[in-house]
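Chain B: place on chain A using the hints.
Going line by line, the protein sequences match chains A and B. With the numbering used here applied, the first sequence corresponds to residues 20 to 418, in that order. With the numbering used here applied, the second sequence corresponds to residues 20 to 418, in that order.
Derived from the structure by calculation, the hints contain no laboratory data. Hints should not be assumed to be uniformly reliable.
Copies of one chain are not kept apart here, so a pair can be met inside one copy or by any two copies together.
[Unchecked claim] Subject to a maximum C-alpha distance of 20 Å in a straight line, what follows is the list of computed EDC-like cross-link-like pairs (lysine to aspartate or glutamate):
| hint | residue 1 | residue 2 |
| --- | --- | --- |
| 1 | Lys241 | Asp227 |
| 2 | Lys170 | Glu362 |
| 3 | Lys298 | Glu230 |
| 4 | Lys241 | Glu230 |
| 5 | Lys372 | Glu409 |
Here is how the chains run, residue by residue.
2 protein chains.
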Amino acid sequence: MAKTISSDSVGIVTPQLIHFDERLELRSGRIIEQYDLMVETYGELNADKSNAILICHALSGDHHAAGYHDADNQREKPGWWDCCIGPSKPFDTKKFFIVCLNNLGGCAGSTGPSSIDPKTGKPFGPDFPIITVRDWVKSQARLADKLGIDKWAAVIGGSLGGMQVMRWAISYPNRLRHAVIIAAAPKLSAQNIAFNEVARQSITSDPDFHEGRYYDFDTYPKRGLMLARMVGHINYLSDRAMRDKFGKDAIEGSFGRDLRSGKLNFSYDVDFQVESYLKYKGETFSSQFDANTYLLITKTLDYFDPSVDYDFDLSKAFVESQCKYLVISFSTDWRFPPERSREIVNNLLKAEKQVSYLEIEADQGHDAFLLPIPRYIEALRSYMDCVAEELAPGAANAS
Amino acid sequence: MAKTISSDSVGIVTPQLIHFDERLELRSGRIIEQYDLMVETYGELNADKSNAILICHALSGDHHAAGYHDADNQREKPGWWDCCIGPSKPFDTKKFFIVCLNNLGGCAGSTGPSSIDPKTGKPFGPDFPIITVRDWVKSQARLADKLGIDKWAAVIGGSLGGMQVMRWAISYPNRLRHAVIIAAAPKLSAQNIAFNEVARQSITSDPDFHEGRYYDFDTYPKRGLMLARMVGHINYLSDRAMRDKFGKDAIEGSFGRDLRSGKLNFSYDVDFQVESYLKYKGETFSSQFDANTYLLITKTLDYFDPSVDYDFDLSKAFVESQCKYLVISFSTDWRFPPERSREIVNNLLKAEKQVSYLEIEADQGHDAFLLPIPRYIEALRSYMDCVAEELAPGAANAS
Chain A
20 MAKTISSDSV GIVTPQLIHF DERLELRSGR IIEQYDLMVE TYGELNADKS NAILICHALS
80 GDHHAAGYHD ADNQREKPGW WDCCIGPSKP FDTKKFFIVC LNNLGGCAGS TGPSSIDPKT
140 GKPFGPDFPI ITVRDWVKSQ ARLADKLGID KWAAVIGGSL GGMQVMRWAI SYPNRLRHAV
200 IIAAAPKLSA QNIAFNEVAR QSITSDPDFH EGRYYDFDTY PKRGLMLARM VGHINYLSDR
260 AMRDKFGKDA IEGSFGRDLR SGKLNFSYDV DFQVESYLKY KGETFSSQFD ANTYLLITKT
320 LDYFDPSVDY DFDLSKAFVE SQCKYLVISF STDWRFPPER SREIVNNLLK AEKQVSYLEI
380 EADQGHDAFL LPIPRYIEAL RSYMDCVAEE LAPGAANAS
Chain B
20 MAKTISSDSV GIVTPQLIHF DERLELRSGR IIEQYDLMVE TYGELNADKS NAILICHALS
80 GDHHAAGYHD ADNQREKPGW WDCCIGPSKP FDTKKFFIVC LNNLGGCAGS TGPSSIDPKT
140 GKPFGPDFPI ITVRDWVKSQ ARLADKLGID KWAAVIGGSL GGMQVMRWAI SYPNRLRHAV
200 IIAAAPKLSA QNIAFNEVAR QSITSDPDFH EGRYYDFDTY PKRGLMLARM VGHINYLSDR
260 AMRDKFGKDA IEGSFGRDLR SGKLNFSYDV DFQVESYLKY KGETFSSQFD ANTYLLITKT
320 LDYFDPSVDY DFDLSKAFVE SQCKYLVISF STDWRFPPER SREIVNNLLK AEKQVSYLEI
380 EADQGHDAFL LPIPRYIEAL RSYMDCVAEE LAPGAANAS
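With the rest of the complex left out, here is chain A (with noise of 0.2 Å):
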């Protein structure tokens, strides 16, 4: 039986995998030769090409942002972003031509850790470059050639995927409009490196680990990655939002119940709602990601500084940038709080760039970006809205 599709989705979507055959040089000084990237789109780009939008993933997405993939399967979720794109909503498929891909280093498709290596047949496991932010927008920028789109837009994300969008601003000035840029920060705190080293070490102290050759044992490490991505999550979620999710019938409630009815366990069960919640949450992801993929992904947030090649005056990487920019952060968000994002806009005010700034009150923490919060919907619809408008026969001939 077929699914019943909301008329605002954009419906059954299939990615395609495209190839590149020149040399990709990394900003490590390593070099990969040829790479595969997984892409989706949705819309239709226009005659003059130029309603292209890019959005790029963060940490645990992929090219699926939107729509289904599947017709039949009924308890199939829409893509990652799908409360933000599709028709009439904030990024308008009737307006715009959307591409989404999965990055270099991904498990989701494109060339990373889990694919072949051609030299030895086997799966390139810790043999894998690390990828920086750098890297991934030259790989977006070769996958715009291939699309024909000379100049975006606007190019969008959340999180790591924000960070995308600044480099994208600063080393390809002249190939977006507009920069959308949300729940990031211009650099990793270091409370964030000590959350992703943790990450890394659950991973690879995990004996199932084997070096990042666990391909090869037909095996992977589990529990690592069950670990780091609990400690993800805990980082996604604001206090607030947890108390709201499990306080009342958790901590509260049944907790208060058990304790006088004498129901607790007093054991190492899960006593709290926040506990299975968490363990379900780690186990299922770790069943589908990739670990060596989370580990490279680690590192690419945490190398990511676009100011180190400005004397680490952040304003000075922004002056050459050429598009406008919005920048958008959530009241709760403790991984990445709006003061970081409130350090991106000091700096571009201060390279005299156009910046509009929204913090939104919001109780999800950092999980927000994703979430259809009635002000952040709206405001990405206005703001898009305009982008749109700039596209009109007579703007779009005069930009």
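Okay, now just chain B, sitting in the frame of chain A:
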């Protein structure tokens, strides 16, 4: 060669193991037939036994709160609260008789999971019952009986130690004059519980855990305990403290220098000082602390909520208490932030108790309660001077 010990140190101290023959009925309904508590004391008990202070330790603390155990070891660190305990220090050993014990379930000499179960001749391991704060305080009251102390001049503790102080005030209202509750919370938040669950999963998913019977296998869950402690350390340090500790040299400084000179590892080796610091701290801890005790104490924390017997109204829990209160919090503590301390204060006020509250500006996060921060030390000294004045012959007789 004997070490040089400063004049405000309690000097060389010798812990004593005190045996308890009476059965202890626990909150869980289980029974501990007999047990030992490892105890350290500093200063002299006065004639009317009115000058005794009980110090309650936190997750990784023990009975050794001040001074040194070894006259010859030049590299030995003093007890964990040495900055507060000693002649002329806030908890002044010229005025007070100070008692500190390793709590039941601990791993520093008191009966705990690593102790030998007389019934089996093997370590208790996972058969050791889960202990609550209420159970601890019950065992501490028995220790007070044995020492002939009817009423403590003060019961004092930070973090989980502060939770024991609250329980003392509620369970034994006539047995303490002052309650000093530092960097604590009325109960854990969902986020606190989530971090504890990550720590537990780290330990129990380590193949060397052997369901808690690792003693029998002549091993211990080194990696799991290391990870648990790394997560703990991130909780204990503020983001600001990390930035101060590692920022200049590790994030902006050498990171930048390395990036520019191409010296970043581009591998999964340690790039940042914060990574090696955490790993070092985790590894050191895991070789010194018992994993089953760590599990046990995280559950003790999760289960703490003195309001459960009072319709979840903490103020009602405090109504019968007779002592005066000092509550202290630290501005950058994100484990138990100032608002958690204010919850305690507000409930004490609602219960019409006499309470002083102090929020200390400090960059060090939760760890601040262990550190010689001038305003904090002065506040403790000033409060404890008043407590000591009550002990003066006239006042002591009048009370």
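How the hints compare with the structure:
In this assembly of identical chains, Lys241 and Asp227 lie within 20 Å of each other by CA distance both inside one copy and across copies; the values are 8 Å within and 16 Å between. For the identical chains of this complex, Lys170 and Glu362 are neighbours neither inside a copy (27 Å) nor across copies (54 Å), given an alpha-carbon limit of 20 Å. For a Cα distance limit of 20 Å, the shortest separation of Lys298 from Glu230 across copies, 18 Å, qualifies, whereas the shortest one inside one copy, 25 Å, does not. Proximity of Lys241 and Glu230 under a CA criterion of 20 Å is satisfied in both settings, with 14 Å inside one chain copy and 18 Å between copies.
With identical chains, the CA atoms of Lys372 and Glu409 are at most 20 Å apart within one copy only, with a shortest distance of 18 Å there and 66 Å across copies.
Checked against the numbered hints given earlier, the structure breaks only hint 2 and satisfies all the rest.
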